[in-house]
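The listed protein sequences derive, respectively, from chains A and B. Quick note: the first sequence uses the UniProt record's numbering, first residue 1, plus one each step. Quick note: the second sequence uses the UniProt record's numbering, first residue 1, plus one each step.
Where hints are given, some of them may not hold.
When the alpha-carbon atoms are kept at most 20 Å apart in a straight line, the in silico SDA-like pairs for lysine to any residue are as follows [stated by the list, open to error]:
hint, chain 1, residue 1, chain 2, residue 2
1, A, K338, A, P301
2, B, K73, A, P301
3, B, K30, A, Y1126
In silico negatives: residues of chain A with every beta carbon more than 12 Å from chain B [said to hold, decoys possible]:
hint, residue
4, E109
5, E1105
6, E1145
These are calculated hints, taken from the structure and not from any lab test. Predicted model, so just to flag it, every value in this text is computed and none were measured. Ideal Cβ positions, reconstructed from N, Cα and C, are used throughout, including at glycine.
Listed below are the residues making up each chain.
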Amino acid sequence: MSPPGSPRLVDSFSVPKDVLKEFEDLAEEENYDPFAETASKRQIASRQGDYHNRRFERVAVESADAFKAAEDGTEVEGGYKEAMRLSRLEQEEARVHRAIQEKEREDREAGKEKMDLDRTPPAAEMADVAAELEAAQALAESMAGSKRKRRWDEEPDAAPADKTEETAAAPKKRKSRWDAAPADEPAAPAPAAAPVKRSRWDQTPVQQDTPMIPIIMNAPGVMQDDKHNRYLTDEELDLLLPPTGYAIVTAPPGYAPSVAPRRFAASMSTEIGGFQIQESSDAAAVAAAAGLAPELPTEIPGVGALAFFKPEDAQYFAKIMKEEDETELSVDEMKERKIMRLLLKIKNGTPPVRKTALRQITDKARDFGAGPLFDKILPLLMERSLEDQERHLLVKVIDRVLYKLDDLVRPYVHKILVVIEPLLIDEDYYARVEGREIISNLSKAAGLAHMISTMRPDIDHADEYVRNTTARAFSVVASALGIPSLLPFLKAVCRSKKSWQARHTGIRIVQQIAIMMGCAVLPHLRNLVDCIGHGLSDDQQKVRTMTALGLAALAEAAAPYGIESFDNVLKPLWLGIRQHRGKALAAFLKAIGFIIPLMDPEYASYYTKEVTVILIREFGTSDEEMKKIVLKVVQQCAATEGVTGQYIKQDILPDFFKSFWIRRMALDRRNYKQVVETTVELSQKAGVAEICNRVVNELKDEAEPYRKMVMETITKIIATLGASDIDERLEVRLIDGIIFSFQEQTTEDQVMLDGFGTVVNALGIRVKPYLTQIVSTILWRLNNKSAKVRQQAADLTSRLAVVIKQCGEDQLLSKLGLVLFEQLGEEYPDTLGSIIAAEGAIANVVGMTQMNPPVKDLLPRMTPILRNRHEKVQEASINLIGRIADRGAEFVPAREWMRICFELLDLLKAHKKAIRRAAVNSFGYIAKSLGPQDVLSVLLTNLRVQERQSRVCSTVAIAIVAETCGPFTCIPAILNEYRTAELNVRTGCLKALSFVFEYVGPQSAYYADSVVTLLEDALTDRDLVHRQTASTIVKHLALGVAGLGCEDAMMHLMNLVWPNCFETSPHVIGAVMEAIEAMRVTLGPGVLLSYVLQGLFHPARKVREVYWRVYNTLYLGAEDAMVPFYPDVSELSEGPNDYGRHALEVFI
Amino acid sequence: MSSELRYTANTQQENLFARYTGTGHADITKHEWLVHQQRDTLASIAGHAPLLSFLAIADGEAIGRAKFEVTEKMLQPCGPPPLKDED
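With the sequences and hints as input, model every part of the structure.
If you want it as structure tokens, here you go:
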């Protein structure tokens, strides 16, 4: 108590007031969501970069099902033609856009000049503009009636009408699909318009009446119907603008709006935007949905409780958010609501809800139809606030539904692709795998022809993003349907004359195929190479670069085979590296780097020499990417057989070291790794001495990362090649450098330690002169202030112990041993663990007799340390103690060992398996030296404890004692202990016995008769676990005594085990079945068959099922051996069926 | 006991068994089972050279002929399958 009057002493501290205040203020702020920040991180869109988010800009078209045509007798090429027209238009648009920008830029530049001169623009310029205008007008007219782009905000019912009209009016002649330019196709009527016969096997039923709305690829956030984005109405304009001075002008006669005028009524009802544009949803639900945003429901009528609900969900699922009279709904509307409910359950529900919903939607997929399903699923997947889990679930839905829908999916292929393709370039591996799976299933369902006609328009799309994802999707199609089927298409695309983009994408498809399929490209290698080979001399640089990358991927996939397939491209490649610079050169070098390892030695050597000149020139490049490629190519060239060490030493090494062994390279992690790898590869040819001589001085460099790079290189080189190449002079410098860098290191990691250990071990006896110096370093560091440094010194001791012993420096070892012994009071567990491990290493090499400190002093010191709870300490000490128990138990009094036995029991509870195993083994060693009685009594007593793990480990230890000291020492004790009335003890005894018989194998034959009574008791016990464990014992026993003449005892046990075959508990029945199978080995299948025959045709199904299961295991185990034992059933023969096995009745 | 064991370990084992020819189940007919037995017997004879030559000598046939006959018999060792009951 504090004296009165003194300031009151508080005995507890709480949060400062101002901090509390801050939180309160935050809470008061309206709409403050503390999780908003983390929520946005879970969202895929907010995590990804601009490139990935370009997927929101994609436009999906409906892929008309060409197979549907035969149904109504007209040639339908609508989908493909439409798509091609659209893509042409987009390209044209992009081109005009670029041209305009270019023009503006030029104008800006020329503007000043023009103003100065103040003259009329030249006639040529005027003519240009006029021509452009004319062309644009022509374009607009040509597409009058057809759509420019599918957007959300256009009137939904216009599209199908147009399409049918058009397809009816102008049935087009078929052209080559690859290069067809639908825009300029003549409107010549097809000859006689004879409907082409098509096979009907995969036709789809005609679509239902409701027109499909093209799905939008924009998220609702940017919707034009959003109240922030929509056009102003006339009323609003009246309010804004002064009443006089303005007049409403009518549109000029030729004006065709690029965006269809909005139906005002519709936009009123979809005030909040979202994906329900095609729905005539009523205002109440929308209002509810809009008002719901702050407090979101977790109970939806007809859905039940959900795990979560987001504001975006309220928009999508507005229709099912309120109660409505189901009798008023049409069938389609009901269906739609049903789908929405299921989707909501899958997306937001708890796992059990999700599971049933997923099963329902899968089962009913064909009833729902492809249209209604994908119209609901796909927009959800394009939602900007989508999270990983949601995406995963929705993708799963698509996968399941696809499987059920099969070819019904055709009209939606492109829409699905637009949504799924982005997954292929996702940074998450599992997303990529999912994407691949979907596309592969999709291509199997839709068929190759349809996939090609759907994806063809995207191949020369103006947007690189689209081309990239399409190429990847094509590679998936190729792997799903086989490369050969896609080859003709690929050949055509790669030779396309229309656009370089098509060629680029075609080559990229081949590259992706190679990356994805690996060595599976080998059978088609020549075709694939020929397919893209000509791209090396393309006039577009991007195509050339991509070709080189494609060849690199093919060569990498084909390695080490297939060089003959690359014959045609060798010349252009090697010419190419002389012609190109920059990115293209990097790609060419990469291709060469992967092709050289495939070559025969003499060719490899020739081509390496050709490329080396360029490589050396590029050593000095400042481009990071180029650097990496150059290093990689050097590594690949050095690894080939034909390149000699002499050549590397003379021509490569000087420049290589000048350019890459500089401090700057050590700073970037990737460069660092690449330089080390390449240098190690070079050393395989050039030799250890050559490389070490060049770098060894850098071990004393002032930059630590650089020293580390040197050390890692030397470590790797010496670990693979040894140290015999190192001469005396180099040896001195090496050891000197290593000691220096070891002492100077500031960040303690493994590199220096490993390096030290590797080099010293490789040098072996040659290190003797330096040992005094090294050991004094260690000793000095063992007393360092920092625990890390002490730990490292101890670790180094463990690594050097063997070498010190080899050098005969026992003095040093005993000195180290003593110092370490004194350090056993270490307080940091990591360091203590290392010190004990080091002491163990010394004890290992010196032997127990010569050990200094003597074992009898060391062990009592270890006993209290065993109580340390740290895993590393436990493991190190149990290893040391086990070693002493194994080799030098006689130096320690028995009393001390007993004490250790009790401590070891605690270690049986350790989490780490290695510790428990070491402890159990130690029991074996101790029992061997002390005699089993005492150890056994400790262990048997331990069977009474509570923890299961401890009991289990005790039983294992008992078994090990039995194995090391002979079963006769243990089995009587176990039999005796089994008489205890305690359940745990009896189970423990049974378990111990089971392990004993498992370990001793055939020796069991001597003990089979002695344990029969115990097993009789256990197998007839009421307790299930007893019978289970006893069955396990029977199994091990039966397998152990097979063929050793214990059939009588085994038959007796079989009779006791057999009635248990009707058990239902999985563990018990498992054990019983295994025992019965073991009996097959011992007693033979004939005996077992006689048991089984009793019940195979039993009237009770339950009995038959069990007996047939046993019969099946029997049959699979000994099919042939059962032939003589089948009963003779010839009397069952009736009519034409003769069941006698007459071949067996023959005798001579 | 854990439900997952009940649903995986044992059922999986049974599915695994069902993949092999010659295994049976609770609803197997007499005919099916006996046909398997016959085929096993014939296969055993064809596969063990001593058994085969024994049979060949007993029948007074060439070994190749005996083997051929044994193999042929495996097709319908007990005659045509009996007609199924109406139910």
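Results of checking the hints against the structure:
1. A:K338 - A:P301: At roughly 12 Å apart (the allowed maximum being 20 Å), A:P301 and A:K338 satisfy the hint.
2. B:K73 - A:P301: violated (67 Å)
3. B:K30 - A:Y1126: Given that 20 Å is the threshold and the Cα spacing comes to 13 Å, the pair holds.
4. E109: holds (74 Å)
5. E1105: At about 5 Å from chain B, A:E1105 fails to clear the 12 Å cut-off, so the statement is violated.
6. E1145: Given that some Cβ of chain B is not farther than 12 Å from that of A:E1145, nearest at about 10 Å, it is violated.
The structure shown violates the earlier hints numbered 2, 5, 6.
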